[in-house]
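Asker: Chains as they are written, first to last, in the numbering used here: chain A, 10 to 392; chain B, 8 to 244; chain C, 265 to 550.
The hints are simulated quantities; they were obtained by calculation from the structure and are not laboratory data.
Accuracy of the hints is not assured; some may be wrong.
Straight-line distance between alpha carbons at most 25 Å, and here's what the computed SDA-like set of lysine to any residue pairs gives [said to hold, decoys possible]:
#	chain 1	residue 1	chain 2	residue 2
1	B	Lys86	A	Val259
2	C	Lys516	A	Pro178
3	B	Lys82	A	Gly150
4	B	Lys77	C	Arg535
5	B	Lys77	A	Val259
6	C	Lys516	A	Val167
Remember, predicted model here, so these are calculated numbers, not experimental data.
Residues per chain, in single letters:
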Amino acid sequence: MDSAEGILNGGVLRGGWRLTGILRLLNGTQTLGRSRSFWSAVGLVLVIASIFGITSNPFQIGNAAYFLVWTFMALGLCVMWGYAGILSFGQTAFFGLAGYAYSVITINFGDSSGLTLMALLVSLGVTAMFAGFVGYFMFYGGVTDVFVAIITLATTLVFETFLAQTAGPEWSIGKARLNGFNGMTGMPQLAIRWLGSEVRLDGRLLFFVLLVAVTVVYLGLRILVNSRFGRALVAIRENPLRAAMLGFNVRAHQLVAFVIGSTLAGLSGVMYVAWGQYITPSSMGLYSAVLPVIWVAVGGRKDLTAALIGTLVVLYLSQALAIYGSQYALVLLGAILLAVVMLAPDGFVVSAARGLLKWRHTTVLGRRRTDPAESSKKHADAR
Amino acid sequence: MSTILEVKSLVKRFGGFTAIDGIDLSVEAGEMRCIIGPNGAGKSTFLRLVVGDYAPSMGAIYFNEEDISKVPPHKRIVKGLGIKFQVPGIFAELSVSENLAVSLQRCTLDRDLPVEIDRLLNFLDLEHQRETLALNLSHGQQQWLEIGMALGTRPTLLLLDEPTAGMSPEETFKTGELVQRLNAEGTTIIAIEHDMAFVRQIARKVSVLHYGHVLCEGSIDEIENNEEVVRIYLGSA
Amino acid sequence: MALIAFLYQFADSFAFLVLCAAGLAIIFGMMGVINLAHGEFIMLGAYATAISAHLGIPLPLAMACGTVAAAGAGIILERLVIRHLYGRPLDSIIATWAISLIASQGMLIIAGPTIPGIATPLGSFAIGNLTFSTYRILLVGAALCVLGSLYYLFVHTRYGIYARATIQAPDMARALGLNTDIVYCATFGLGAGLAGLAGALYAPTMTLVPTMGAGFVIPAFITVIVGGGDVLTGTAPAAGILGIAQSALTFKYGTLIGQVGLLLAVILAIRVLPRGISEWIARRAS
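Let's have the full structure, built from the sequences with the hints guiding it.
Answerer: Below is the structure:
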């Protein structure tokens, strides 16, 4: 069980891919929210979202789709950082890489449904490969913790700096001009074949596709982090040396987690281009690189649901504030981030869940530290 | 009886300091071996070399007659080594049962996990702490949990670095019983210890380490009667 | 002739990297804190200098004001935020980044997109048909002065000994009666002050915008990562090597490629010398 695929294939569920076994993983101990009321709430949210999707006006729908575009990147960072302990500032780099790849392919080869879907898959493939390369360079080179953050940040800046100076006409791939600071525009939306004709995914359709995609990714990641692979990631996060001494190939696990998280960022990149038909290097700048970290930290990086909620809340807030001036939005975001680090390092949503719902003994995050004297007294009493 | 571990001319230097100065040691399968020696004799370093945390400067390590000197630590564990370090290396923010699950999952099918976890909890007398966060356990319980985790990997050779450090006499005795039960079930055990009562309780053969090499080996009685050992280490024990 | 131009370019890069990075190296090397707000201390120093100069204070004194303002801000920040983050490197990255956001955008709101700058003093001189800025040559001297003063400070003064003791073994230092809180505070203040000095010195050479720190913080980081934590055995040689690399690349391919080259250098350096040049030197010496 040493190769990376070996870990993923044999590692998610050993003992047969039974459906009930997999579904039980939805409610494992690494994620908050396992009760009937939680899942009813999830169902309710989906119903409300669908009603909204049908009844809202084009501006609102486009806006809502915009928020959903970023969730993949946030969930990816949550898995990497919250569960595996890898703080990567490279999400925006992979976002940009996939976005630009999709743009180059579709501008060169057209916009038919088969083409756009192929462009999507190829872009994700390219992103995964590049993430594998960067991850291999880092983890198999013994780089850890802080230095992973620095290398990934440097990678993001290399991308941004490089792309920013591709303004001249000599900077093009096939028919697609990279266009430097101004970025690329005019890319086609995604399209699918439905009942014999080409259907463009715009507006309402894109919103529903995104809603389904987010749900699928969310449920899939829940299963992943609650599986033995997820448990291994958490062990590696907590004590990498001990994990190695229990037989885990630490570097391979870290590489797989990094590729998964970064490819999800790439998915956000492609969806962004499919949503807005443009992309610029500024989406990979110094300010952009910190945004996913803010979203995930605010909600709670160690839990998928918390990270998701935090992302949507912060996105909504920053948009609301931008109406009053984007500088205020950034100052407030900075203040919120500082408050999270100083006051609620586990994230606001997680702290709220702990406080309000008083979960105990059911999930990892629901438990609190007790006084050691108290716990040994309990042990003595129990004997 | 086959030789499960053989160490030949092992040397380890850290810069100008020689921690291990030529160790030749062999352990038969099924043995219960204790390694004793004064502080700084190189006992912990020796264990770390065997498990692969350090690479030897010279010499070779054979596990089941296979040269593992260049094999990375996690692969040595897969081959059947198990280790419990001196400082509890548990996963602080996971529960006791989750800690055990992590250690078991490589060798156990998912559907068997609950049964195996129960078995270990029973063996370690930690059933009432199943859902307790590992960092909330007492020091002795953390040590037992770690032994349990080392067992989860189904080792054929278990290395214990001062398993009773910081324990009360009752806990020490209980640990001794635990270790004896393990040995009776077929696990070869090498334990580093300072507590001579514990060594007397469990050991059948003892190796004395001094300044990075093996001073002498034998049963506990032979060691205690060896003049050199008495002079250097045991004093008036 | 080209050699002289290259030497000038190199000396200029070297001075820039040393001045930018000195404060960051002290904070990172001595305290293990990754201060992403470093650029904002530089900006603060530059702004305070410009404002003082426009109030009629002579330039050297105005620069002193800038340095002191940044040092003061650093001390306040250390007391309020930083001291809770020792031993938490990932959290200190995020917290200082947050502070950097608040400071730069806050300054944008308070002072607007730009403030009136200062003219570069001392004019220029010519060698052959090339002209060079006298002031930038002066900055090279300033960089060397900073290195010399830091050496003296850490090796020959009481503060230096206290600081090095505290950083190496804080519990022991406390057991000997040293007030480690004051040492940490003073060290952070020193790092912030050096950043302010860099801002003050470069204020007459650039337009003053609230986000000017970004142009300093990346080169500073690169120098500190490549050099390691010690200012003398790390920052100086790193600035030298990177200075050569950057001037060579800029010479041949232009500034943006020069920057990309620097970033790639960081990535390689972390991989090859994870604790920087100073640790490599320390290991060789032992």
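Asker: Confirm or reject each hint.
Answerer: Consistency of the hints with the structure:
{"no.": "1", "hint": "B:Lys86 - A:Val259", "verdict": "holds, 16 Å"}
{"no.": "2", "hint": "C:Lys516 - A:Pro178", "verdict": "holds, 21 Å"}
{"no.": "3", "hint": "B:Lys82 - A:Gly150", "verdict": "holds, 18 Å"}
{"no.": "4", "hint": "B:Lys77 - C:Arg535", "verdict": "holds, 22 Å"}
{"no.": "5", "hint": "B:Lys77 - A:Val259", "verdict": "holds, 17 Å"}
{"no.": "6", "hint": "C:Lys516 - A:Val167", "verdict": "holds, 18 Å"}
In summary, the structure agrees with every hint in the numbered list given earlier.
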